[in-house]
Amino acid sequence: MNKAINIAKCFESFSDTFSPKIIAELNGQLVMLVRCEGDKVPWHTHADEDELFYVLDGELEVQQRGKSVTVGAGEMCVVERGTEHRVVPHGHVKLMLFEPAELSTREK
212 MNKAINIAKC FESFSDTFSP KIIAELNGQL VMLVRCEGDK VPWHTHADED ELFYVLDGEL
272 EVQQRGKSVT VGAGEMCVVE RGTEHRVVPH GHVKLMLFEP AELSTREK
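Residues 212 to 319 (the working numbering) are what the sequence shown spells out, left to right.
These are computed hints drawn from the structure, not numbers from a lab. Watch out, some of these pointers could steer you wrong.
As the list claims (entries may be wrong) - Derived Cβ-Cβ restraints for the label pairs, each shown as a range: (1) E223 - V280: 28 to 36 Å; (2) I234 - E270: 19 to 27 Å; (3) A284 - T256: 25 to 33 Å; (4) P253 - D227: 17 to 25 Å; (5) K214 - Q275: 31 to 39 Å; (6) A215 - Q240: 17 to 25 Å.
Stated by the list, open to error - Below 30 Å or equal to it, Euclidean Cα-Cα: the simulated BS3-like pairs (lysine-lysine) are: (7) K278 - K305; (8) K305 - K251; (9) K305 - K232; (10) K251 - K232; (11) K220 - K232; (12) K305 - K214; (13) K232 - K214; (14) K278 - K232; (15) K214 - K251; (16) K220 - K278; (17) K251 - K278.
Note that the coordinates shown come from a computational prediction; the quantities given were computed from them, not determined experimentally. Even for Gly, the Cβ is constructed at its ideal location relative to N, Cα and C.
Assemble the whole structure, with the sequences as input and the hints as a guide.
Next comes the structure, spelled out in C-alpha cells:
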C-alpha cells in the first residue's frame, strides 16, 4: 500500500550535513534527503550512473570542469555518468537526491 511521506518531518528528524537519509526506493533507485552546508564535496565521477539533484530549499552550485550551473529551490539538475563534478551549497541547502542503489562512489 502506498503511503504519504512528509518531507518536512523527515528533515526535522536529522540535522547532520552531507549524510543522505534514504526515504524511499523504487526501481533500483534510492530517494534520499540531504542537508548541505560548506564546501565539503570533492571532485568526483560516477562511471556508470547518472545523478539527480532536486533542490528543495536554498541554492546549490553544481560544478563541472569548465562550467557550473546554479540550481535554486524547485529546480533540478542531472549530472550524466562519467562527468567529473562537485556541488557547492550557497548557505544551508536541502536536497532530494535520486541515485542508483549501487552508486559506485557511495560509502558502504
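Results of checking the hints against the structure:
no. : hint                    : in the structure
1   : E223 - V280: 28 to 36 Å : holds (29 Å)
2   : I234 - E270: 19 to 27 Å : holds (22 Å)
3   : A284 - T256: 25 to 33 Å : holds (27 Å)
4   : P253 - D227: 17 to 25 Å : holds (18 Å)
5   : K214 - Q275: 31 to 39 Å : holds (37 Å)
6   : A215 - Q240: 17 to 25 Å : holds (19 Å)
7   : K278 - K305             : holds (23 Å)
8   : K305 - K251             : holds (15 Å)
9   : K305 - K232             : holds (12 Å)
10  : K251 - K232             : holds (17 Å)
11  : K220 - K232             : holds (13 Å)
12  : K305 - K214             : holds (22 Å)
13  : K232 - K214             : holds (18 Å)
14  : K278 - K232             : holds (29 Å)
15  : K214 - K251             : violated (34 Å)
16  : K220 - K278             : violated (35 Å)
17  : K251 - K278             : holds (19 Å)
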